[in-house]
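J.: Line order of the protein sequences matches chains A and B.
Take the first sequence: its letter number 464 is residue 464 in my numbering, and every next letter is one higher.
Take the second sequence: its letter number 250 is residue 250 in my numbering, and every next letter is one higher.
Where hints are given, some of them may not hold.
Covered stretches of chain A, as calculated for chain B (at least 3 residues, CB under 8 Å) [said to hold, decoys possible]: (1) 492-500; (2) 524-534; (3) 551-564.
Once the Cα atoms are required to be at most 35 Å apart in a straight line, the calculated DSBU-like pairs of lysine-lysine come out as [as the list claims (entries may be wrong)]: (4) A/341 x A/248; (5) A/95 x A/248; (6) B/77 x B/59; (7) A/164 x A/128; (8) A/477 x A/341; (9) B/127 x A/376; (10) A/376 x B/98; (11) A/42 x A/164; (12) B/128 x B/98; (13) A/42 x A/248; (14) A/42 x B/77; (15) B/202 x A/376; (16) B/127 x A/128; (17) A/376 x B/59; (18) B/128 x B/77; (19) A/481 x A/418; (20) A/128 x B/59; (21) A/481 x A/341; (22) B/202 x B/128; (23) A/95 x A/42; (24) B/98 x A/42; (25) A/95 x A/164; (26) A/164 x A/481; (27) B/59 x B/98.
Rather than coming from a laboratory, the hints here were simulated on the basis of the structure.
Don't be surprised by glycine CBs; every beta carbon is placed ideally from N, CA and C.
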Amino acid sequence: MNPVRLTFAVLAMAFAVMVLPDLVFAADPAPQPTRADYPAIKGFSARTLVWGLSQMHLFLAAFVLAVPLFVLCIELAGVLSGDDRYDNMAHEFMKISMAAYSFTALAGGGLAIALFLFYPHLMGYLLKVFKGQTLIYALLFGLESVCLYVYYYSWDALRYGDRKWYHMTIGLILNTVGLALLFVANAWAAFMMSPAGVGPDGAVTGTVWEATRNPLWNPLNLHRFLANIAYGGAIVGAYAAYRFLSEKSADLRAHYDWMGYTSNIIAVVGFLPLPFAGYWLMAEIYAYSQQMGITAMGGVLAWLFIIQAVLIGSILLAANYYLWCGLGRTDRGASYAPYVKYIAVVMVGGFLVWVTPHSLILTPQELQLMGGSHHKVLGPLGIMPAKNTAVNLMLVFTFLSFQMFYRSSRVPTVSWYKAGNAAIIALYVVGCLNIIAAGIYGYITPTVYKVGASVPQVVTTLSIIVFAAIIDGFMLKGATKTQVNWGRMTVRSQYALFVLPVAFTWLMALMGYIRSSLRTHWHVYTIMKDNSPEAYIPTIGEAGNIITVITLMFMALIVFIFWLSQLGATKQVPQRQAAVQPAAGAGS
Amino acid sequence: MTLVRVLAFSVVVLLAYTLFANILPQVQSDPPTDEAPVAADGLDMPAMIAWGERLFSGKGTCTLCHNDLGRAPDLLKLNLAETWADRLGNANYEGEAKGEEGAAAIEIYLRESMVDTSAYVVPGFGKKGTNDTVSPMPAVDAAPISLSEVEMNALIAFLQDRTGVDVTVPLPTGDDGEDVAGDDEDGEEEGPAESAQVALDKYTCSACHDVNDSGADAGPPLHSLGAKLGRDGIREAILDPNATIAEGFEADMMPDDFGDQMRVSELDMIIDYLMTLDAKGDAQ
Numbered sequence: 001m002n003p004v005r006l007t008f009a010v011l012a013m014a015f016a017v018m019v020l021p022d023l024v025f026a027a028d029p030a031p032q033p034t035r036a037d038y039p040a041i042k043g044f045s046a047r048t049l050v051w052g053l054s055q056m057h058l059f060l061a062a063f064v065l066a067v068p069l070f071v072l073c074i075e076l077a078g079v080l081s082g083d084d085r086y087d088n089m090a091h092e093f094m095k096i097s098m099a100a101y102s103f104t105a106l107a108g109g110g111l112a113i114a115l116f117l118f119y120p121h122l123m124g125y126l127l128k129v130f131k132g133q134t135l136i137y138a139l140l141f142g143l144e145s146v147c148l149y150v151y152y153y154s155w156d157a158l159r160y161g162d163r164k165w166y167h168m169t170i171g172l173i174l175n176t177v178g179l180a181l182l183f184v185a186n187a188w189a190a191f192m193m194s195p196a197g198v199g200p201d202g203a204v205t206g207t208v209w210e211a212t213r214n215p216l217w218n219p220l221n222l223h224r225f226l227a228n229i230a231y232g233g234a235i236v237g238a239y240a241a242y243r244f245l246s247e248k249s250a251d252l253r254a255h256y257d258w259m260g261y262t263s264n265i266i267a268v269v270g271f272l273p274l275p276f277a278g279y280w281l282m283a284e285i286y287a288y289s290q291q292m293g294i295t296a297m298g299g300v301l302a303w304l305f306i307i308q309a310v311l312i313g314s315i316l317l318a319a320n321y322y323l324w325c326g327l328g329r330t331d332r333g334a335s336y337a338p339y340v341k342y343i344a345v346v347m348v349g350g351f352l353v354w355v356t357p358h359s360l361i362l363t364p365q366e367l368q369l370m371g372g373s374h375h376k377v378l379g380p381l382g383i384m385p386a387k388n389t390a391v392n393l394m395l396v397f398t399f400l401s402f403q404m405f406y407r408s409s410r411v412p413t414v415s416w417y418k419a420g421n422a423a424i425i426a427l428y429v430v431g432c433l434n435i436i437a438a439g440i441y442g443y444i445t446p447t448v449y450k451v452g453a454s455v456p457q458v459v460t461t462l463s464i465i466v467f468a469a470i471i472d473g474f475m476l477k478g479a480t481k482t483q484v485n486w487g488r489m490t491v492r493s494q495y496a497l498f499v500l501p502v503a504f505t506w507l508m509a510l511m512g513y514i515r516s517s518l519r520t521h522w523h524v525y526t527i528m529k530d531n532s533p534e535a536y537i538p539t540i541g542e543a544g545n546i547i548t549v550i551t552l553m554f555m556a557l558i559v560f561i562f563w564l565s566q567l568g569a570t571k572q573v574p575q576r577q578a579a580v581q582p583a584a585g586a587g588s
Numbered sequence: 001m002t003l004v005r006v007l008a009f010s011v012v013v014l015l016a017y018t019l020f021a022n023i024l025p026q027v028q029s030d031p032p033t034d035e036a037p038v039a040a041d042g043l044d045m046p047a048m049i050a051w052g053e054r055l056f057s058g059k060g061t062c063t064l065c066h067n068d069l070g071r072a073p074d075l076l077k078l079n080l081a082e083t084w085a086d087r088l089g090n091a092n093y094e095g096e097a098k099g100e101e102g103a104a105a106i107e108i109y110l111r112e113s114m115v116d117t118s119a120y121v122v123p124g125f126g127k128k129g130t131n132d133t134v135s136p137m138p139a140v141d142a143a144p145i146s147l148s149e150v151e152m153n154a155l156i157a158f159l160q161d162r163t164g165v166d167v168t169v170p171l172p173t174g175d176d177g178e179d180v181a182g183d184d185e186d187g188e189e190e191g192p193a194e195s196a197q198v199a200l201d202k203y204t205c206s207a208c209h210d211v212n213d214s215g216a217d218a219g220p221p222l223h224s225l226g227a228k229l230g231r232d233g234i235r236e237a238i239l240d241p242n243a244t245i246a247e248g249f250e251a252d253m254m255p256d257d258f259g260d261q262m263r264v265s266e267l268d269m270i271i272d273y274l275m276t277l278d279a280k281g282d283a284q
């Protein structure tokens, strides 16, 4: 048969299987394997292996999918500004991500093998539900590889003029395919939490699209999309910080300082809306299954959100500390420095409120001393209204830290700048008061409306950020720019850029553990039980230890990837030349 | 050296997170076990009510929402004996209990609330945007809760008992046996012990108590308990061992989950047997 016709025929069949499953597959219920049906190797934890591989795959995939997204934006900034530094930095970011790509595929392959080996019934069922989508996933993966290699290797060939736009078009296609890959993978994970397109017994009753568009798919898509950007920014920030600390040349230190600053901004920009995406995901979880929501927020997993608060708190504190140190780069930065201590008070205070638990496990004596399981003063800080207030204020003040640095190198020239400043101050004051008032309202409204009470807080936070940026944008248009001394940063400040990827990596793994645990003892929630010997939710300590081991392995891999990308730029001097150079030096 | 410093710093940060995770309260959540404690033909009403209470906070997961946080009506504080007439007389109520009276109405209403959760939604507790016409509560006879008919009866018995009305649900019969015994998915569930001595061995009573000439002294001897405690006292000592501690012994020594482990027929056999033991431990 003609290859083109054959291709069309295969694609048509795949499409038919996808949209009309009952033509090919009988409507069998989901398999219900017993404990004996799970392949096992004595003394070997299949779940830990799958856990490790899937987390490693997710870390790498998040990184390699995120980097081209902001690289394309930086490339565009380079074209619009005509500044070659943007293009060089974007190229360098891609170089790091290229080395990670093959490891992503390797971890993905390992994960697939482990899943089919140890959980064949589950994988068989998912294949039955998603059918042709697996082919589409494979095709997308192939396309992603082609686009990625063409995008990277054509960088210098398509660098200027009209060719640059061709190059950016390839980047756009690369990102479109990358996002499609992310969304397809998310569909499987979300289906396991909130199955759709199947009957109560798991028999396929709908199309693949119905199974894909399950209740938690889009919230998960948004959450992972934003988290990937923040994560990618944090990883390349660590690369920049390491290079900054290693380089001796002032020019290179300036370059990597600027790179670190940009990476931090990318991480913060991706991170700021993340809690709101998290609210949406959680609200949809509650809407889908109140029981699942309570398992997360009020049940066995509730303590994990205290760890989450510690991790996010350390991310925000590190990002802010880095921004405060950045004020030292500009001569006008000193005029903003006195405000830092007030921001620090809000950040640390917010952090402490966030980590305050609602209740504690106490000895009878402690219980007697405290007069109950909840502390009279601190106990009220343990519930959501206090935490929502704290996190919103922390986000607002993080933006303020960034705004201060941005303004420290610009002197406004517009006549209305005093009025503009007053408007911005009023925006912050009124906004913060509104966030606090909405928090107080949260205390007096029934529990079921507490999540709803957080919406005005979120809207206020976003409003402050958006309107302050707009006013600043107009006010600083045509502003007199003062020198930014890139490279004038303390060594200590760079360590803040290492806290970000470590905390992000641990946080991602923790959230993966929570998301997976929400299914409790189900492979596919309410449809297919997990009867394997390891169908329990491990303790926080056990999970924490596994997460740390996975994070350490990932860090080792990232160090190797950084080394590879440096190795690629290293050229050996020919032997003859190497021998001549010292002699020439000695003679001069 | 830069690399070593950076790695050491990162590892220290990582270990700080790990340490924090390890000092928090540690709870492992196991898959729910079949909580049916009884052989179908051996269950009495107090045991049925006690089983319902365990289902209420255990497999039924009722306490997740029905607590004092306001997410759902607090069933432990609500007195249905006082409120049932208002609820069933509400214009929005079109359920099966309409026209019924007293404990029977409460039974029908509770059962309906569990399986057809939107038949009547208490004002203020409906899904957002549905004007209290759709309940957020899942049907308890479907996954993931999957209570059996008999388990729902036990829950109703518990709630009726708390309310102070007569318990109207039937005790399980022999026909309910398979239902009561649970899914037994792994095929590993043991059958009930055939005699009191076998039951005492099964639950390793003689490892700590002097019974059947075991001579153990970690717990008090099980001789002449009939005279000292009576039938109800022995039952309480097994099901709630910390309620009363024998002189010279400490609390929290004996497992307090025999109520979950034992079948009622086994419990009854053990009580019958212990009632017959004299001061020397011989059966009378």
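J.: Hint by hint, note whether the structure agrees.
T.: Quick rundown of the hints versus the structure:
Proximity of the region 492-500 of chain A to chain B, defined as three or more residues with a beta carbon under 8 Å from a beta carbon of that chain, is established by the 3 residues found. With a cut-off of 8 Å between beta carbons, the region 524-534 of chain A has 6 residues touching chain B; three or more are needed, and the interface restraint holds. Residues of the region 551-564 of chain A with a Cβ under 8 Å from some Cβ of chain B number 4, which satisfies the need for three, so the listed coverage holds. Proposed proximity of residue 341 of chain A and residue 248 of chain A is supported: the alpha carbons are some 32 Å apart, at most 35 Å.
Using a Cα cut-off of 35 Å, the hinted pair residue 95 of chain A and residue 248 of chain A holds, with the two alpha carbons roughly 22 Å apart. Using a Cα cut-off of 35 Å, the hinted pair residue 77 of chain B and residue 59 of chain B holds, with the two alpha carbons roughly 21 Å apart. For the given pair, residue 164 of chain A sits about 44 Å from residue 128 of chain A by alpha-carbon distance, which is inconsistent with the 35 Å threshold. About 29 Å separates the Cα atoms of residue 477 of chain A and residue 341 of chain A, which keeps this hinted pair within 35 Å; it holds.
As the CA atoms of residue 127 of chain B and residue 376 of chain A are separated by approximately 33 Å, the hinted pair is consistent with the 35 Å bound. Proximity of residue 376 of chain A to residue 98 of chain B is assessed by CA-CA distance (about 46 Å); at most 35 Å being required, the pair is judged violated. In summary, the hint linking residue 42 of chain A to residue 164 of chain A is not supported, as the alpha carbons are separated by about 57 Å, beyond the 35 Å threshold. Under the criterion of a C-alpha separation no larger than 35 Å, the hint pairing residue 128 of chain B with residue 98 of chain B is consistent with the structure, at around 26 Å.
At roughly 53 Å between alpha-carbon atoms, residue 42 of chain A and residue 248 of chain A are farther apart than 35 Å, so this suggested pair is violated. Between the alpha carbons of residue 42 of chain A and residue 77 of chain B the distance comes to roughly 50 Å, so the proposed pair goes past 35 Å and is violated. Proximity of residue 202 of chain B to residue 376 of chain A is assessed by CA-CA distance (about 48 Å); at most 35 Å being required, the pair is judged violated. Of the pairs offered as hints, the one joining residue 127 of chain B and residue 128 of chain A holds, with about 33 Å between alpha carbons and a cut-off of 35 Å not exceeded.
Distance check on the hinted pair: residue 376 of chain A and residue 59 of chain B sit about 33 Å apart at the alpha-carbon level, within 35 Å; holds. Annotation: proposed proximity of residue 128 of chain B to residue 77 of chain B holds, straight-line Cα distance about 24 Å (limit 35 Å). A distance of roughly 18 Å separates the Cα atoms of residue 481 of chain A and residue 418 of chain A; the hinted pair therefore holds under the 35 Å criterion. With a C-alpha separation of about 31 Å, the suggested pair residue 128 of chain A and residue 59 of chain B falls inside the 35 Å cut-off, and the hint holds.
With a C-alpha separation of about 26 Å, the suggested pairing of residue 481 of chain A with residue 341 of chain A holds against the 35 Å cut-off. The suggested pairing of residue 202 of chain B with residue 128 of chain B is violated, with an alpha-carbon distance near 51 Å, which exceeds 35 Å. Taking the CA atoms of residue 95 of chain A and residue 42 of chain A, the gap is near 42 Å; set against the 35 Å cutoff, the hint is violated. For the given pair, residue 98 of chain B sits about 59 Å from residue 42 of chain A by alpha-carbon distance, which is inconsistent with the 35 Å threshold.
Distance check on the hinted pair: residue 95 of chain A and residue 164 of chain A sit about 18 Å apart at the alpha-carbon level, within 35 Å; holds. The hinted pair formed by residue 164 of chain A and residue 481 of chain A meets the criterion: a straight-line CA distance of about 29 Å does not exceed 35 Å. For the given pair, residue 59 of chain B sits about 29 Å from residue 98 of chain B by alpha-carbon distance, which is consistent with the 35 Å threshold.
Hint compliance for this structure: hints 7, 10, 11, 13, 14, 15, 22, 23 and 24 are not met, and every other hint is.
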